[in-house]
Amino acid sequence: AQSVSQHNHHVILSEAASLELGCNYSYGGTVNLFWYVQYPGQHLQLLLKYFSGDPLVKGIKGFEAEFIKSKFSFNLRKPSVQWSDTAEYFCAVNAADSWGKLQFGAGTQVVVTP
Amino acid sequence: EPEVTQTPSHQVTQMGQEVILRCVPISNHLYFYWYRQILGQKVEFLVSFYNNEISEKSEIFDDQFSVERPDGSNFTLKIRSTKLEDSAMYFCASNSGETQYFGPGTRLLVL
Chain U
659 AQSVSQHNHH
669 VILSEAASLE
679 LGCNYSYGGT
689 VNLFWYVQYP
699 GQHLQLLLKY
709 FSGDPLVKGI
719 KGFEAEFIKS
729 KFSFNLRKPS
739 VQWSDTAEYF
749 CAVNAADSWG
759 KLQFGAGTQV
769 VVTP
Chain P
20 EPEVTQTPSH
30 QVTQMGQEVI
40 LRCVPISNHL
50 YFYWYRQILG
60 QKVEFLVSFY
70 NNEISEKSEI
80 FDDQFSVERP
90 DGSNFTLKIR
100 STKLEDSAMY
110 FCASNSGETQ
120 YFGPGTRLLV
130 L
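Residue numbers (my numbering), protein chains in the order written: chain U, 659 to 772; chain P, 20 to 130.
If you are wondering where the hints come from, they were derived from the structure by calculation, not from laboratory data. Source: prediction; values computed, not measured. Wrong hints could be hidden among the right ones.
[Stated by the list, open to error] Just a sample of chain U residues kept apart from chain P, beta carbon distances all over 10 Å, derived:
| hint | residue |
| --- | --- |
| 1 | Glu678 |
| 2 | His701 |
| 3 | Leu702 |
| 4 | Lys729 |
[As the list claims (entries may be wrong)] Mimicking DSS-like on lysine-lysine, the simulated pairs with C-alpha atoms at most 27 Å apart in a straight line are:
| hint | chain 1 | residue 1 | chain 2 | residue 2 |
| --- | --- | --- | --- | --- |
| 5 | U | Lys719 | U | Lys729 |
| 6 | P | Lys97 | P | Lys76 |
| 7 | P | Lys76 | P | Lys61 |
| 8 | P | Lys97 | P | Lys61 |
| 9 | P | Lys102 | P | Lys61 |
| 10 | U | Lys727 | P | Lys61 |
| 11 | P | Lys61 | U | Lys729 |
| 12 | U | Lys707 | U | Lys729 |
| 13 | U | Lys727 | U | Lys707 |
| 14 | U | Lys707 | P | Lys102 |
| 15 | U | Lys719 | U | Lys736 |
| 16 | U | Lys719 | P | Lys61 |
| 17 | P | Lys76 | U | Lys707 |
| 18 | U | Lys736 | P | Lys97 |
| 19 | P | Lys61 | U | Lys716 |
| 20 | U | Lys707 | U | Lys719 |
| 21 | U | Lys716 | U | Lys727 |
| 22 | U | Lys716 | U | Lys729 |
| 23 | P | Lys76 | P | Lys102 |
| 24 | U | Lys736 | U | Lys716 |
| 25 | U | Lys707 | U | Lys736 |
[What the hints assert, rightly or not] Residues from chain P that face chain U, not an exhaustive set, calculated with beta carbons under 10 Å:
| hint | residue |
| --- | --- |
| 26 | Val23 |
| 27 | Thr26 |
| 28 | Pro27 |
| 29 | Gln30 |
| 30 | Met34 |
| 31 | Tyr52 |
| 32 | Lys61 |
| 33 | Phe64 |
| 34 | Phe84 |
| 35 | Gly91 |
| 36 | Asn93 |
| 37 | Ala112 |
| 38 | Thr118 |
Ideal Cβ positions, reconstructed from N, Cα and C, are used throughout, including at glycine.
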């Protein structure tokens, strides 16, 4: 069965700390991978995406993610978080070469304290 | 920058009533989607729509749900007879490539 797992439901950290959010997927075939962010009271916004090529992808706001095919993982990182990074982060997957449905992870609520 | 818009932002309805949630996808996009997120749960796919017909639907999307593109801009989700468990945030999305862009959502509360 296809699934997306995010390792942490809640993360609390201080400003300037480093952030890493885990995402693993189970999917038959080649995939497209996404991280979306939902700031409080706002809609889902795309942070970054991986379709093919360099497995280290850079997104907006200083975020990056690394696709490790052998581990079926696509972990999100930011070296130094800010208070404004407080949000919920969702990993999502769909079949490569497809404009089909996204399968989402459960989300990780990140709280950055001043 | 073009955005997906949704109306209303909030809707409260009585169980058994019909609701229509509206979305205006980004204008040159070709694929349209509805997702929902029950409070505290994952974002779940409901249905995708392309070329004026449903291209894929989930098990959740049963006979009480329907979608329509009544004109060149709107994309609607109708729930014919709402149930308590339909209370959720409903997101519309659209794309013309691999990336889906999401609207702000409609929070539906069924009493």
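Which numbered conditions among the earlier hints are violated in the structure presented, ordered from lowest to highest?
-> Numbers 2, 3, 14, 18, 27, 28, 29, 30, 34, 35 and 36, in rising order.
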